[in-house]
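Enquirer: Take the sequences, apply the hints, and build the full model.
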Amino acid sequence: MALKTQPSSIPGGETVTAVAPAAREGRWARLLLIYPVGMLVVFFVIPLVMMFVVSFYRNIPGAGWEPAFTLENYVRAFSRGLYRDRLIYTLEISALNAVLCLLIGYPFTYYLVRLASPFWRKVGLTLAISTLWLTYVVRSYAWSVLLSATSGIGQVLFWLGVTERPTGYAPGPLATVVGLLYVFLPFMILSLYGSLKAIDPSMEEASMNLGARPWRTFWHVVLPLSLPGAAAGAVMVFLLTMGNYVVPSILGQPAQWTMPVIITNQVMNESNVPFGAAMSVILLAVLGLLGYATGRLVGSARVNPYAGSRVAEGGERR
Amino acid sequence: MGRGVRYRDPVVWSVRLAFWVVLAFLFVPLVILAAVSFHPGRFMTFPPQGLSWRWYETLFTSSQWLDPIRNSLLVAFASSLIATTMALVLALVLSRYPVRFGGAFRRLGMLPLLLPPVIMGVAYVAFFHAIGFSGRIENLIISHAVFNAPFPLMLISAGLNKVGKELEESAMNLGARPGVVLRTVTLPLIRADIFAGALLAFILSLNEYIVAFLVAGFTVVTLPIELFASLRYSYSPVIAAASVVFILGTAALVAMADRMAGGLWD
Amino acid sequence: MSRVDLVQVTKTYPGGVKAVDGVSLTVEAGEFLTLLGPSGCGKTTSLRMIAGFEQPDSGKVLIGGKDVTRVPPYERDTGMVFQSLALFPHMTVLDNVMYGLRMRRVPRPEAEARAREMLALVQLSGFEQRRPHQLSGGQRQRVAFARALAINPSIFLLDEPFAALDAKLRDELQVELRRLQQRLRITTVFVTHNQREAMTLSDRIAVMRDGRVEQVGTPQEVYEEPATVFVAGFVGMTNFFKGRIVSKEGVYVRVRTEEGYEIVGRLPAPNGAPPDGLSEGAAVTVSVRPEALRLTESRPENGDGAGANPAAGAPGIPVTVDMIRFVGELVEYHLFTPSGQELICTYQRGQAALPLGQGAKAVVRVEPGEARVLWR
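Protein chains in written order, with my numbering: chain A, 60 to 377; chain B, 236 to 501; chain C, 23 to 398.
The hints are simulated quantities; they were obtained by calculation from the structure and are not laboratory data.
Please read all numbers here as calculations on a predicted model, not as lab measurements.
There are no misleading hints in this set.
Within a straight-line C-alpha distance of at most 30 Å, the following computed DSSO-like cross-link-like pairs (lysine-lysine) qualify:
#: 1; chain 1: A; residue 1: K256; chain 2: A; residue 2: K181
#: 2; chain 1: C; residue 1: K383; chain 2: C; residue 2: K264
#: 3; chain 1: B; residue 1: K397; chain 2: A; residue 2: K181
#: 4; chain 1: C; residue 1: K40; chain 2: A; residue 2: K181
#: 5; chain 1: A; residue 1: K256; chain 2: C; residue 2: K40
#: 6; chain 1: C; residue 1: K88; chain 2: C; residue 2: K40
#: 7; chain 1: B; residue 1: K397; chain 2: A; residue 2: K256
#: 8; chain 1: C; residue 1: K40; chain 2: C; residue 2: K82
Expert: Structure representation (structure tokens):
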């Protein structure tokens with residue numbers, strides 16, 4: 060224990076206080092925080108700030124940019140129909156994907172959660188999630204092959220005699236939708252799994268015992284209780300789809316390109332960083348707004364699924 | 236307790252069917268890729284023409300592919316190292332000492348999760364160009380490190396919570412000074428989580444496309460970048476072979492990470 | 023009000039575990055029967071088979087004489103209270119109780135009236151618009167009762183509903199449940215591992231172990247005439263003596279225990295003997311309830327005391343007092359025999375005759391006619 064001495068109010072005397080080792084170590088430890096926080100500030104916060112700043116710069120075609128304060132990038136983004144259309148398309152396809160992932164992921168996850176054996180549940184979940192880590196590039200590529208005229212479904216349909224000659228479906232609108240679904244379905248499953256699992260199975264049994272057939276049990280009991288989780292999952296898929304570059308880029312034609320694709324083209328192909336930055340800021344703002352709004356909606360609708368079940372309580376009131 | 240009672244109810248049957256259809260949906264594309272990679276011909280015809288390793292041979296002998304593999308591994312390794320050390324310091328200090336802006340720092344650490352990678356990439360382009368250091372491999376390493384740091388942060392924080400203050404306090408009660416407690420009690424207990432976090436950051440970096448492309452795409456080519464470019468400008472089943480290697484490698488790493496962290500799913 | 027029959031019901035789980043092994047049971051109409059046993063004995067599985075949530079691998083389930091083995095749970099006429107209560111958190115108390123009626127397409131006004139009636143029956147009038155999370159544990163319990171009974175089922179099923187409650191609340195709710203059941207005269211099957219609960223509530227008890235029914239009888243029968251060693255040990259406390267039959271005297275059997283004492287007891291009534299009778303020298307276990315052991319002072323002149331041959335004179339087992347526990351209405355004496363066997367002897371408070379302290383030496387005798395000789 061270290062001792063700290065200070066002159067005290069009593070003349071000629073000293074006050075001795077003990078400084079606990081925790082405080083000393085703590086100071087040293089807090090110093091260490093400079094490393095992660097510093098990295099985050101310099102290499103995360105500042106780049107974002109720079110992006111915001113650069114969005115007001117003037118672009119010099121083919122030669123970088125010129126520091127300035129101009130709104131021309133934003134004006135261009137809002138006034139040119141092309142970019143407005145791309146933003147709207149991005150919102151639409153993201154919403155569509157969220158709905159599709161929900162419709163398809165929900166029955167899947169529900170069945171998985173109600174499997175009798177914990178082992179198979181784990182296996183099922185692992186399998187469902189297994190493609191999550193794989194780069195979007197490979198997953199999109201797989202579908203471009205599967206939907207191609209030369210190696211995929213096109214060949215099968217031709218061989219079966221359904222089509223006159225092998226047709227490819229990628230890139231195209233169907234491919235984009237399928238690709239986005241494929242890529243984000245595991246997210247939805249993962250998100251739904253937690254909230255569906257939390258619903259006490261005895262509630263379904265109680266409902267059946269009271270005379271409700273499986274469908275009605277689902278409609279009256281399971282669905283209402285799973286709504287918050289489902290909504291949260293849908294919002295997440297929506298936001299993720301909004302920001303996805305690879306899938307529309309590989310599996311979509313220009314008509315299917317979303318904001319991220321446009322932005323990247325501007326930055327890498329046109330070398331117009333300020334404009335790309337401006338569109339990024341707009342995208343970020345839209346995402347932030349939507350995320351906040353839906354977050355509030357989902358949060359308020361939350362129902363505590365444990366209220367009806369037994370929670371061990373001490374000291375019961377009668 | 237069995238819940239799988241066989242009701243002869245059409246709703247139950249259709250849900251069961253949907254389950255298997257979705258599973259097939261998730262795996263068939265990957266199987267097709269594998270099929271293409273083993274197909275001797277350049278194009279996959281139906282019915283298939285046989286098996287061949289030739290595309291894998293090409294993959295592992297041509298520098299077109301070996302260089303990106305090397306780059307990817309290098310970037311992944313370095314960035315996961317930085318990401319994990321960042322996460323470790325942040326998690327440890329914040330959970331054991333009261334820090335004035337502790338809550339804010341923790342939120343800051345998790346913030347990259349909320350951002351779409353493409354926007355992050357554009358921000359990096361602006362940043363690195365402004366400070367005059369464009370297109371370097373170091374940029375990529377740092378970008379990946381910072382961007383992926385939330386993942387080891389989550390794992391290590393969860394691990395620390397499980398360890399709990401009581402174990403450390405009882406060690407101190409028995410006479411161990413804080414530094415010793417850290418070394419002999421805390422770190423060994425979260426070792427698995429640290430490893431799993433690093434592995435996770437590694438996997439994410441390996442598989443990341445858009446930030447890598449934006450930050451250093453023309454100078455440092457990683458495997459996803461090479462894959463993407465090949466898709467655009469050529470057609471070769473070597474791409475499929477590379478993809479299969481990617482899939483298997485990632486699967487192995489994820490299995491390892493899952494083993495270590497005892498189940499990653501939140 | 024219907025009877026329930028389980029006919030040779032078997033259920034095996036994957037892995038070979040026989041949850042229920044050839045169980046045959048009848049619950050008479052209007053009767054309160056408890057399935058009692060330790061964890062894993064098959065009682066909950068049996069209950070769920072009556073409800074329809076488990077399908078037997080073989081055997082039949084009959085409700086009201088009709089074979090319902092293949093009938094799904096939502097078409098059976100049973101009302102069940104689950105261990106976790108399973109109240110629907112997103113519905114009000116009234117909606118919860120009305121649920122079953124609405125599923126049976128009872129018109130809303132009628133359903134509501136009946137639900138209110140049920141809530142009044144369980145003394146929860148005024149709570150209709152509350153939600154489950156706003157209720158106390160006891161109140162939730164009663165909503166669960168009301169909900170299950172609102173549909174007027176022929177069978178009332180309860181799966182360890184009081185397991186997580188504290189003792190006092192548990193006692194109160196047990197009384198209420200019994201009152202409710204008697205008033206409605208509804209056939210009730212109750213599952214618990216708590217033997218006191220079983221004895222308090224039931225008309226009859228079925229004691230189960232390892233998927234089989236060991237004995238069915240009234241609480242008194244099960245307590246006073248246990249059919250097996252397991253039942254004797256599970257229902258209430260008892261003292262066991264292993265030994266061999268020395269002789270038979272009418273309905274009474276003289277047994278010499280392993281320590282050399284002789285105890286006279288009888289086989290449990292009725293039909294406590296194996297089909298071909300018990301021969302001398304057969305290995306048996308004698309069960310003596312603590313209240314059937316009487317403590318007296320050691321009287322050397324009667325041949326009592328350590329080392330004395332108990333076969334001579336008035337037999338008694340010498341003991342040393344190890345601990346005396348005062349448990350409210352009972353006084354428990356924990357005693358050790360010279361060979362180290364622990365015996366428990368209880369007296370009603372105020373009837374404990376001897377001023378014995380720890381370490382005192384005494385002798386216990388078995389009340390005549392109280393010992394039971396069990397061969398399995």
